[in-house]
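Trainee: Just so you know, the protein sequences line up as chains A and B, in that order. The first sequence begins at 1 in our numbering and counts up by one. The second sequence begins at 87 in our numbering and counts up by one.
What the hints contain is simulated information worked out from the structure, not anything from laboratory work. Think of the CB as a built atom: it goes at the ideal place given N, C-alpha and C, for glycine as much as any other residue. Don't take each hint at face value.
Computed Cβ-Cβ distance ranges for the label pairs, DEER-style [stated by the list, open to error]:
no.	chain 1	residue 1	chain 2	residue 2	range
1	B	Lys151	A	Leu37	35 to 43 Å
2	A	Gly3	B	Pro128	44 to 52 Å
3	A	Val16	B	Pro449	34 to 42 Å
4	A	Glu47	B	Lys466	47 to 55 Å
5	B	Gly266	A	Ala30	50 to 58 Å
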Amino acid sequence: MAGLESDVIEIIAKQVNRDPATVKRDDRLADLDIQSLDVAEIIFAIEEKFDIEVPYNANDTSAAGINFDTVGDVADGIAKLVAKKK
Amino acid sequence: MNRVVITGLGVVTPLGNSASELSAALKAGRSAIGPVTQIANPDLGPKVGAEVRGFDPLAHFPENKLSLLDRSSQMALVAARDAVKQSGLDFKSNGLGLRSACIIGTGVGGMTTLDDNFQNLYGKGARRVHPFTIPKMMINAPGAHITMEHGIQGPSFTVASACASANHAMGVAFQMLRSGAIQAAVTGGAECVFTYGTLKGWEALRVMAPDTCRPFSKDRRGMVLGEGAAMFVLEERGAAQARGAEILGEIIGFGMSSDASDIVLPSAEGAARAIASCLEDARIRPDAVQYVNAHGTGTAANDSTETKALHTVFGEHAKKLMVSSTKSMHGHALGGAAAIELAATIAALRDGFVPPTANYNEPDPQCDLDYVPNEARDAKAEVAISNSFAFGGHNAVIAVRR
Numbered sequence: 001m002a003g004l005e006s007d008v009i010e011i012i013a014k015q016v017n018r019d020p021a022t023v024k025r026d027d028r029l030a031d032l033d034i035q036s037l038d039v040a041e042i043i044f045a046i047e048e049k050f051d052i053e054v055p056y057n058a059n060d061t062s063a064a065g066i067n068f069d070t071v072g073d074v075a076d077g078i079a080k081l082v083a084k085k086k
Numbered sequence: 087m088n089r090v091v092i093t094g095l096g097v098v099t100p101l102g103n104s105a106s107e108l109s110a111a112l113k114a115g116r117s118a119i120g121p122v123t124q125i126a127n128p129d130l131g132p133k134v135g136a137e138v139r140g141f142d143p144l145a146h147f148p149e150n151k152l153s154l155l156d157r158s159s160q161m162a163l164v165a166a167r168d169a170v171k172q173s174g175l176d177f178k179s180n181g182l183g184l185r186s187a188c189i190i191g192t193g194v195g196g197m198t199t200l201d202d203n204f205q206n207l208y209g210k211g212a213r214r215v216h217p218f219t220i221p222k223m224m225i226n227a228p229g230a231h232i233t234m235e236h237g238i239q240g241p242s243f244t245v246a247s248a249c250a251s252a253n254h255a256m257g258v259a260f261q262m263l264r265s266g267a268i269q270a271a272v273t274g275g276a277e278c279v280f281t282y283g284t285l286k287g288w289e290a291l292r293v294m295a296p297d298t299c300r301p302f303s304k305d306r307r308g309m310v311l312g313e314g315a316a317m318f319v320l321e322e323r324g325a326a327q328a329r330g331a332e333i334l335g336e337i338i339g340f341g342m343s344s345d346a347s348d349i350v351l352p353s354a355e356g357a358a359r360a361i362a363s364c365l366e367d368a369r370i371r372p373d374a375v376q377y378v379n380a381h382g383t384g385t386a387a388n389d390s391t392e393t394k395a396l397h398t399v400f401g402e403h404a405k406k407l408m409v410s411s412t413k414s415m416h417g418h419a420l421g422g423a424a425a426i427e428l429a430a431t432i433a434a435l436r437d438g439f440v441p442p443t444a445n446y447n448e449p450d451p452q453c454d455l456d457y458v459p460n461e462a463r464d465a466k467a468e469v470a471i472s473n474s475f476a477f478g479g480h481n482a483v484i485a486v487r488r
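Chain B on its own, in the form it takes in the complex (with noise of 0.2 Å):
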């Protein structure tokens, strides 16, 4: 079996658009949550939210392209764009395009074109949408203008697990690399959803905060929604190291399962097993791990949830984990979110320290974890684990090493 590595990653993110902004903003415990910006209707419930600033798409598209391009595949774009380059590959020459992937994680699709069209015909009376609206919205429009960008011919998909999405994407990249069906490929994951349609979506469903993301903290209220991309070079190790790239980190284990339960309220037991399995999967032993870049969404239920997952799988390990869940800071990005999550563990294995879970205040019984509350700790941290844990019962834990 191959081995697999990173050569490339760029990122959009409310902590910054480069992969250094993010380190430096993570080793800092700096929260971009925030009062929403990009909606101004008052009537509002959920009014913070992590979002992306000192995002200019005529910086990087010129302005007849951004018609076709929503928001989520602008993020996606200059975020494969970076990660590309980086690299050092060139999908272009030799036929590498020929035998490279690209397969990106979402959870929603194009929501700011779905409800600034819709506002238009439903809430303004228009008679007719932009001709782009269906190509522009679709789900799978980011990866498929990656691969236009690239000259990326091999397999090319869009997977959608809600929150798990991106891990989802990246794991089955993952795994066409180890064993050998591509030679290269672009993976990552994107999500834009700061529409009124969708934050009113969340609102119902009563599980935003009003404030802040607390995960793990006892006075936690709730999720705070984040947006963005982060994207990924992967490569056959061998070739990387034969052609002088950096390498970056190497993805080691995936594992997946299905709670087939209940529709939002999380499993334990599930989630244990997704991790369970990406262990099994990586060959490594629970004690191999030190840092765990938890799904943490901040909600009742999920934290201590996964809590009970972490001890079920680490056994008296557990207690040696350190565990953060960078949504703190980040938000959550929803299909997004384990991309920029993944990235976040790569800076910090790099740079030697294990990102804070941010805004905590106060330990909760149910979890009892070291969650490395509000400061970045000094770490040489080998290898890590990122959970993703969705909607619908769809977990997804990816595994990987300095």
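The shape of chain A in the complex, shown without the other chains (with noise of 0.2 Å):
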């Protein structure tokens, strides 16, 4: 878990150009300036990282099942897709 959580910092830091240091479980994507293509280049990214299918729609953010409220709630959400798969 501790891994795939900062692999999800990670990907979240260098999407908005930021030393992943500084990026917190409890940050708020909004807060981190993360726009709507941002989300879909972040996802993209994690589909690749993970070898994994995120059902996210722009229109629809809870079709995913998936809260993009904090990095922690992505970290969480992307566990259990992982999970899923295993």
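Mind docking these for me? Both chains are given alone in their own frames, and the hints should help you get the complex.
Mentor: Spelled out as structure tokens, the structure:
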């Protein structure tokens, strides 16, 4: 889990051009200035990294079953999808 | 300034391949959205689209000509043929072709040609592609073929502004006619993008609806792609009247703006400037407009933004407007969309109805106008506008009068 979370943090940090060490689990995506196109790119990177499908729709952000509020929410949602794959 | 009228209209659309079929489908509120049949790959995400049915290229072209004609060129040519035939103009006589323009809007060019040839190259190990790959796929091919078929020898070019392409093309043709720079024009748009590669691209953007297109409805889930072509013959009103041509409608104004803000997210302010500029260009007051053929893509962002823009420009009158997105029925044909939507608007004005927004389920507090949900309405609208707001922030709005 810790590995996955740090991978997700790394992907998110890269998207907003920040040092991963400065991005914390409780950070809200909105506060990191992550826009909707950023989310699409973050999910693409996550799908490639973990070889999973994230059913995300920008018009219905709940469709993926993941809360896109904080970094930790995203990591937890991705962890569930990765676990489901195994 | 010259007045500019439409004397010819031809369409190849998911709702039918003639203006009368299109009108009947719009009036019935019939949606052409269904499972995509042109792509067999099961890995496709967005499984629904609005495809043109019953279009047999061999019914329109000799087999040996088809190696030069991408699906988008085929549909553009057939639509232009019908439009020119209806207008009764002969560009090849009395030097008319020399004083006429062909201005076509399309978004991305011959994607089926590109996809097929590159798939052979990268996927199947082919060592060469068809010799006409380039002239067949180039984005200006549909317009070029129209000039050749009809002998249009004046200005001809293709406009690419993504989902506003056809409105920009038709608007420029309108301006050239109004100024007297040309005597007649063939103008419109075409797009055919049902290829695996293109749809994967749209899928990756995460904006496609899984089931159908529900513009302005609270439960909307995004856009659904369409395809097709619509072409118009435009000419100066006095000349059309003098030769006894049937006038299908008048183009009275055109407005453009740029958001200059985001590559995909729309701006209400930018959209409002284009609409206001169109009304000013047409020299009409906001309350002269009865019908708005909305851009209405069915995405969360567009529909609320477009509603806001309509409130900004129309003020109190916004609530009295009939606003519908015919994309709910013919899908989003990208660069060709505005031409199909102008055809829908002309059909509605002529046939005395307003097309519905199909698939509408529930009101959204952010979309609080009259969207003519699900059922066409009998209405004798005189003046309508047709909105197009493209990726890239290119906005184009056209105004027509019955």
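Trainee: Taking each numbered hint in turn, which are not upheld by the structure, reported in ascending numerical order?
Mentor: 2
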